[in-house]
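Chain by chain, the residues:
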Amino acid sequence: MSKLTRRAFITTGIVAGGGLVVGIAMRPGNQVKDLASKLGEGGEDLIHTYVKLDSDNVVTAIVPHSEMGQGVHTALGQMLAEELDADWSQVKVEEAPAIGEYASYSAGRRYLFAGVDFPNLVIPTVDGVMMRVADMLNLQITGGSMSVRTTGIMAMRIAGAATRELLQTAAADAWDVPVTEVTTENSHVVHAASNRREPYAAFATAVAEMTPSQTPTFKDPADYKIVGKYVPRRDIPAKVDGSAQFALDVRLPDMAYASVVRSPVPGGSVAAVDDAAARAIEGVVDVVVIPKSSVGGMLGETLSTEAVAVVADSYWTANRAVQALNITWSETGFESVSSDDIYAQFERDISAKTERETDRKAGETESAFASAARVLDADYHVPFLAHTCMEPLNATADVKSDSAEIWVGCQNPLGFRRDVASILGMDPENVTLNNHIMGGGFGRKARPDYAMQVALLSRAVGRPVQLIWSREEDVRQDFYRPAVQSRFRAAFDSDDNLIAWENTYTNKNEPIEAPLIPYSVPAQDIGYVSSPVHIPFGAWRSVDHSQHGFFTESFIDEAANAAGKDPYEFRAELLQNSPRHLAVLTRVAEEAQWSRPLPAGRGRGISLQESFGSLVAQVVEVTVADGQVAVDRVVAVIDPGLAVAPDGIAAQLESGIIYGLTAALHGEISIENGAVAQSNFDDYKSVRMNEAPLIETYVINSGHDIGGAGEPGTPGIAPALANAVFDATGLRIRQLPLGNFDLNYQAEESGVVG
Amino acid sequence: MSTSFWVNGEQQTVDVDPSKPLLWVLREQLALTGTKFGCGIAQCGACTVHIDGQAMRSCVTPISRVEGRQVTTIEGLSSDDGELHPLQQAWIEHQVPQCGYCQAGQLMSASALLSNNPNPSDADIDAAMSGNICRCGMYGRIREAIKTTSVASATDEKLFYNVAGVDHV
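Quick note, the sequences are listed as chains S and Z, same order.
For what it's worth, the working numbering labels the leading residue of the first sequence as 43, then goes sequentially.
For what it's worth, the working numbering labels the leading residue of the second sequence as 13, then goes sequentially.
Hints in this document: simulated from the structure, not taken from any laboratory.
Among the hints, a few may not be true.
[Said to hold, decoys possible] According to the in silico footprint, chain Z covers these stretches of chain S (three or more CB under 8 Å from chain Z):
hint, stretch
1, 285-293
2, 716-729
[Stated by the list, open to error] A short, non-exhaustive set of chain Z residues, derived as facing chain S with CB atoms under 8 Å:
hint, residue
3, R147
4, C148
5, G152
[To be verified] Chain Z is nowhere near these chain S residues, computed Cβ spacing over 12 Å in every case:
hint, residue
6, A250
7, F260
8, A314
9, A318
10, S336
11, I369
12, A420
13, D421
14, S445
15, P621
16, R629
17, S744
18, F768
We treat Cβ as the ideally placed atom computed from N, Cα and C, and that holds for glycine.
So here's chain S without its partners, still in its complex pose:
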């Protein structure tokens, strides 16, 4: 890939006040002329700063990732502090600002948003690695469970080690001793033979004049003191006393509040508005029609359709006034579409196999099915899902004639700034974006529509505006986890060996490997058909894994049952060539006491899913009584290569499991008359305390490349749960959510649910 000809360098510098900064500089390379021209205006250097060392010996890690609860700031700080040999109590973590001086927007826009395949994470050289990190920084995207895998591995660790080596060299020069005799500990350099010990800060100025090694030496993981150890999260104290500042908590002088509504049928625009009743409400400032706007980006086009907003002296007033609006929406052509229609369309398109694309083709599936002693087939489908972050979408804007300031919690600060600038017709350098911690993100807050809306509102009324989406708007105007259908066939030989696996599903997104299976089945044909719908797509925690985890790990369970084998044993036999997978599966079976008998009415199910570089196996235990399922216990094992923050990994597993459990038990966005039928937590239910299972988590530090943590817990819970229901009842669940089914009734009818 030609991008690798760009050069990136570890650099040092001095900040105001005399402190040291270490970071990455990318300079226009001279290897390829046309590439160089894309890297900045007039030879502009891109400087990315990761480490700051103050005169009081405080180390600050500057991380280009936003915090939505995943603990990324602490984990990345640990990675820096470890290689730097820093005193953890003297390490601070700051989120990088979304400013042009920090990351070049112009290079980012022209270079990165041209359909580049950038999450190729395996780059063997430091230069290449640094360039990748600079790319990520330009984007400032937090998602794909990638922060530790990219910024952590490629920037924090490298900057920490390079800085430590410089400090050792500077101390050796000052003390006139061999550098090999200078050691580091707790933010100090030490020369034991002469009993000298000085804080890092004593050498900050000297180091700033030096040239760092481009290939620093890393610690032996056996010597880790901070990475892989328990450290309390830095963001938690402010989250227990009400002082944590979310975007919703921004307060500006003369700030008005707004609520908004868009067409119930996605894509509709405003045909007419009768706002007389709304304007009559005391406190209403204005009623504004926000025009449609569209922006591009790494995640594809984000279409922010036309909306009507009320600006008022209180959110409560604004939202009441929105409800008093009488809006006629334009016809979209989708007014008669229902969920049943969409599933019928999927059925039609899967059966027709029109323009079927292939994910994996191995062996001879046709001959395997032709010669099979037995063939098993099944259709699965899952509904649309909304994200419902606890913090409803909101943003605050103060737009002036030639500049703007935005306060928002988002997963892509630089991208949001670019998009807001674009619709305001401003230069991005004139837009200041203040990114806040988020009350949940889950993929939704990578879409900038809410920030674009508030920018246009503030411009329209000429004062600062805080736009808050009602929960109803949040549920009805999401970018949804897609509804998906998946059709399977499995072939067995006369010895009940699984010899072929065929799968056709609707609508592929990412990650591309999500529908693949780790099991050695000699003949495989996995592919998809396109079946477009009018409901907008969004990345939802674990993206395509959220559906394919359920599909593939349920159908492999069906295959085990068809072969008359234990679901764990059957999987294990098919993983003999995948020792890492087998180790995770075996460990979960041991921890869950897989072979321990359960009383009648109880059941146990298992799943295995690799996603975002981590492997997760789960065992779920359920009780089925009176037609209802209760989830008693979940045992989860993750192999993330190395758990940087072990308690953080455990928390992310617990979180991913509950998030996936909510979807498995209750999650359903259904389409009626072209529109989303659900509106709030009363009809789009979430798992609560009384439904939450006991969760046990275990970590295997296998030493493989570090994997993600935020998403891998989610895909495996639905299949393990459905497999447990099968174990308890003999009923095979092939559609979600499970809560739609009366398990008693279905048992008498057919033995198959869905």
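Given the coordinates of chain S, assemble chain Z onto it according to the supplied hints.
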């Protein structure tokens, strides 16, 4: 129309529509932003505060209903000298919050529970806490933090810091 009530021990008088929910008075008139908006229909518990010591959903409580009453928000949960409530300490010890957005409501529900029932059973915890949604799914940690507090502090008078707010009046 003006309404007078007590918030975290201080008397407040606001001149707003009597049907305006307490949540929005706290956030907009009093700049007490620790109490969060989550659903607006008493389904998620993010807006939970104490009114005369009882956990209530402020998003559906008209301001007129709190005339003369004692309201405690997350900002008033710690003691006057700033020492954290035992539950807040347990929340840190168990590393409960992820995104943290629901945690003010969770803590207000849990503190009302322990004020009324210092040694709650699992069923008591389910009953008191199931009105509070946590989309990060930290229910196991919340349960453990409540249990730790109830065991360690069953006789701790801090648990009863301001039932009905009497020690602030």
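Evaluation of the provided hints:
no., hint, result
1, 285-293, "holds (count 7)"
2, 716-729, "holds (count 5)"
3, R147, "holds (5 Å)"
4, C148, "holds (5 Å)"
5, G152, "holds (5 Å)"
6, A250, "holds (37 Å)"
7, F260, "holds (28 Å)"
8, A314, "holds (27 Å)"
9, A318, "holds (20 Å)"
10, S336, "holds (29 Å)"
11, I369, "holds (20 Å)"
12, A420, "holds (30 Å)"
13, D421, "holds (30 Å)"
14, S445, "holds (26 Å)"
15, P621, "holds (31 Å)"
16, R629, "holds (20 Å)"
17, S744, "holds (24 Å)"
18, F768, "holds (24 Å)"
Hint compliance for this structure: no hint is broken.
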